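Chemist: As a plain string of letters, each chain reads:
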Amino acid sequence: MGVDLSQSRSCGSDGDERFRLLFEGLNQGVTFQDAEGYILDANPAAERILGVTRAELIGRHARDSSWQVCDASGSAISEKNYPGFVARAMDQAQIKVTVGIFNSARGERRWLNVDYIPQPSLPGRPSVSLCTVFSDITEQRRTEQALRENENYLGRAQRIASVGSCFLDFRDDKLKWSDEVFSIYGVEKSQHVPSLDSVRKLIHPDDWQIYIDAVETAREGHQPHPIQYRIFRPDGQIRILFRDSELSLDDAGVVIGALSIIQDITDLRAAEKQKDELQTQLFHAQRLEALGTLAGGIAHDLNNTLVPILGLSEAMLSGVRANHPHRPLLQVIHTAGTRARDLVRRILTFSRREDLDSKPLELTPFLHETMRLVRAGLPANIKIDQRISRPFRIFGDASQLHQVIVNLVTNAAHAIGDVGGKITVRVSESRATRLDDRSSLAGKFIRISVIDAGCGMDDETRKHIFEPFFTTKKIGAGTGLGLSVVHGIVTAHGGHIDVTSNLGKGSRFDVFLPMLAPERDVNEIAGIAS
Amino acid sequence: MTPRILIVDDDLAVLVTVEHVLSIAGYKVATASNGKRALFLLNRFDPNLVLTDLIMPEMDGVETITEIKKTRPDLKIIAMSGGARIGNGNILQRAKEFGADVLISKPFEMAELTSLIGRSLAATKV
Chain E
1 MGVDLSQSRS CGSDGDERFR LLFEGLNQGV TFQDAEGYIL DANPAAERIL GVTRAELIGR
61 HARDSSWQVC DASGSAISEK NYPGFVARAM DQAQIKVTVG IFNSARGERR WLNVDYIPQP
121 SLPGRPSVSL CTVFSDITEQ RRTEQALREN ENYLGRAQRI ASVGSCFLDF RDDKLKWSDE
181 VFSIYGVEKS QHVPSLDSVR KLIHPDDWQI YIDAVETARE GHQPHPIQYR IFRPDGQIRI
241 LFRDSELSLD DAGVVIGALS IIQDITDLRA AEKQKDELQT QLFHAQRLEA LGTLAGGIAH
301 DLNNTLVPIL GLSEAMLSGV RANHPHRPLL QVIHTAGTRA RDLVRRILTF SRREDLDSKP
361 LELTPFLHET MRLVRAGLPA NIKIDQRISR PFRIFGDASQ LHQVIVNLVT NAAHAIGDVG
421 GKITVRVSES RATRLDDRSS LAGKFIRISV IDAGCGMDDE TRKHIFEPFF TTKKIGAGTG
481 LGLSVVHGIV TAHGGHIDVT SNLGKGSRFD VFLPMLAPER DVNEIAGIAS
Chain W
1001 MTPRILIVDD DLAVLVTVEH VLSIAGYKVA TASNGKRALF LLNRFDPNLV LTDLIMPEMD
1061 GVETITEIKK TRPDLKIIAM SGGARIGNGN ILQRAKEFGA DVLISKPFEM AELTSLIGRS
1121 LAATKV
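From first to last, the protein sequence lines stand for chains E and W.
For the first sequence, the tail end lands on 530 under this note's numbering, and the numbers increase by one without skipping.
For the second sequence, the tail end lands on 1126 under this note's numbering, and the numbers increase by one without skipping.
None of these hints come from the bench; they were simulated from the model.
It is possible that some hints are incorrect.
Going by beta-carbon spacing under 7 Å, a handful of chain E positions derived as facing chain W [what the hints assert, rightly or not]:
#, residue
1, His300
2, Asn303
3, Asn304
4, Leu306
5, Pro308
6, Gly311
7, Leu312
The calculated label-pair distances, taken between Cβ atoms and stated as ranges, are [unchecked claim]:
#, chain 1, residue 1, chain 2, residue 2, range
8, W, Glu1019, E, Arg426, 52 to 58 Å
9, E, Ser399, W, Glu1019, 34 to 40 Å
10, E, Lys359, W, Pro1073, 32 to 38 Å
11, W, Thr1071, E, Leu378, 57 to 63 Å
12, W, Thr1066, E, Thr461, 49 to 55 Å
13, E, Glu369, W, Glu1019, 44 to 50 Å
14, W, Pro1073, E, Arg426, 54 to 60 Å
15, W, Ala1123, E, Lys359, 28 to 34 Å
16, W, Glu1019, E, Asp498, 47 to 53 Å
17, W, Asp1074, E, Gln281, 54 to 60 Å
18, E, Lys359, W, Glu1109, 28 to 34 Å
19, E, Arg426, W, Thr1066, 49 to 55 Å
As the structure is a computational prediction, the values presented were derived from the model and not from experiment.
Every residue gets a Cβ at the ideal spot worked out from N, C-alpha and C, and that includes glycine.
So that you can see chain E by itself, here it is in the shape it has in the complex (with noise of 0.2 Å):
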């Protein structure tokens, strides 16, 4: 767009005349200059966006300072970069420039779209060297500007969130992703190129038909409900992700595209499944909690009921003749009795929480001598294979641990059987965490393991060994509270008990109780534990 001003001096008087009208007319700022760069002429819409008069232009410099002339990312232009001094230097219009001026008028910068245009030398305008031509930006560029950051801000959210958009658009078949879609995909975005087809191949077979029906669904102007679908990510991963959509009408009504929000839900899922397993063990454990409260309830008043039963029918067998008919049945309910307490002895070691006589135990000794004695009492086609070597400490009762080795260890000799085998008891240093952990002093567990190569159990069996008399064994053989008393005791020591098994294949105990630093003092221990 060059203003040749040799035509309208060719045109006469009406040149002038129409050239006139244009130069004071027009809504964007002429100015003329010479070749050093003074203004010359500017028309009044020159004047309204410099906000400086047409006299107090004439013959200022165009890179004046007062201008306080900037290219468009603020910086100060140098003269050789001028792009006047560039268009007059190489005699080629300089166009579309953003530049930066000061505007004393409204005291502040504007920015101008400029044009810089060289003139030719004329014989009637020899000093005529460069015409500029130009609007205000201003608006506009401070539009732009709240756009890009908005977009930015979009772009930022989605990605803080996780979450991308992506429109399908049914005209074309052109998927368009946010950048967050590709994070998402883990695919590049200079490298894929979104589609219907290349999408596919990201999509887990298996849940392709879900993608696809909801596209389908949308296309058919039906909204398509929120889906769930799962995709390969090129590292490896499998991930999660949400899909819900909108549909996108023209303004005749008619569905053009369907625009979606994409949110990888992989880890809320995870965490969703956790805290499942968090509430079972949680209720599982109140559950247990529950019944020893019970029992230790129902515990008191049977006692009272045994007072009378094992009382008379002692005090009746020390006063009949040793051949009285009643001798023996009275014998009966003497034994009876004593069975039952015997058995609500052992419901209220289930249920008692607190009541322990703990000390520091060096762990080797006991369990040497624990296992010792547990020995004497198996058949002998079962082996002990111990592994209780290193010096480990222990605060705990140490005759109710014993129970708790007896009892693991003969759970182990039934499993296995009359064909015999081993059972292993091995010691050994973890760090288990658990949900109901009390932290050990020193941090620290002691696993004490109890394996065998028995008949094993199956997962439902599994899931209840440590009720109060849930047993597999047959009547009579026993009572079903030997495993939920060792959990009573070992929970009241601070610790916790696991068990994995697989049926056929043998079982395995692990036994966790807190640590006792070697150097701590025992008075420092009696003092926390009170």
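We have chain E; now place chain W onto it with these hints.
Modeler: This is chain W only, laid out in the frame that chain E set:
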């Protein structure tokens, strides 16, 4: 003089049993099924030893023991426990805190009870 033993328990079956056993053993026995009656009999019957349950409705065992100790600090008290939890900690210790001299757990063997009573009475005699 035949030693007199006062038995306090809200469970009648326990009262009957222990009364029977102790009578056969040669003691004079009175029974009370609650603390109030026990205090009444403290004056009337003037026992040498009291055998009491710890958990009872209305005036419970602890209160009973406390009241007995007020009027008759010299009296030996044996507390019977059914195994119910009384707060935390060692139950024997708690009984002693309550003022009982000795604790015995239900159900007890009668021989155990009579020997304990014999020892306690011997200790009372100067």
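Chemist: Against each hint, give a clear statement of whether it holds in the structure.
Modeler: Comparing the hints with the structure gives:
1. Annotation: interface hint on His300 of chain E holds; nearest CB of chain W at approximately 4 Å, less than 7 Å.
2. For the restraint placing Asn303 of chain E at the interface with chain W, the shortest Cβ-Cβ distance is roughly 4 Å, inside the 7 Å limit, so the hint holds.
3. The interface hint given for Asn304 of chain E is met, as the beta carbon of that residue sits about 5 Å from the closest beta carbon of chain W, less than 7 Å.
4. The beta carbon of Leu306 of chain E comes within 4 Å of a beta carbon in chain W, closer than 7 Å, and the hint placing it at the interface holds.
5. With 7 Å as the threshold, the beta carbon of Pro308 of chain E comes within range of chain W, its nearest partner Cβ sitting at about 4 Å, so the hint holds.
6. A least Cβ separation of about 4 Å between Gly311 of chain E and chain W falls short of the 7 Å threshold, and the interface hint therefore holds.
7. At its closest, the beta carbon of Leu312 of chain E sits 5 Å from a beta carbon of chain W; the interface hint therefore holds under the 7 Å criterion.
8. In this structure the hint that Glu1019 of chain W and Arg426 of chain E lie 52 to 58 Å apart at CB holds, the actual value being about 56 Å.
9. Hint check: Ser399 of chain E to Glu1019 of chain W, Cβ distance near 35 Å, so the stated range 34 to 40 Å holds.
10. Checked against the hint of 32 to 38 Å, the pair Lys359 of chain E and Pro1073 of chain W passes, with Cβ atoms roughly 35 Å apart.
11. One distance hint, 57 to 63 Å for the beta-carbon pair Thr1071 of chain W and Leu378 of chain E, holds here, with the actual separation near 59 Å.
12. A hinted range of 49 to 55 Å holds for the C-beta pair Thr1066 of chain W and Thr461 of chain E, which are about 51 Å apart.
13. A C-beta distance of roughly 45 Å is found between Glu369 of chain E and Glu1019 of chain W, which places it inside the suggested range of 44 to 50 Å.
14. At about 58 Å, the beta-carbon gap between Pro1073 of chain W and Arg426 of chain E stays in the expected band of 54 to 60 Å.
15. At roughly 31 Å, the beta carbons of Ala1123 of chain W and Lys359 of chain E sit within the given window of 28 to 34 Å.
16. At about 52 Å, the CB distance of Glu1019 of chain W to Asp498 of chain E agrees with the hint of 47 to 53 Å.
17. Checking the proposed 54 to 60 Å range against Asp1074 of chain W and Gln281 of chain E shows it holds: the Cβ atoms sit about 56 Å from each other.
18. The hinted window of 28 to 34 Å between Lys359 of chain E and Glu1109 of chain W holds, with their beta carbons roughly 29 Å apart.
19. For Arg426 of chain E and Thr1066 of chain W, the hinted distance range of 49 to 55 Å is satisfied, since their beta carbons lie about 53 Å from each other.
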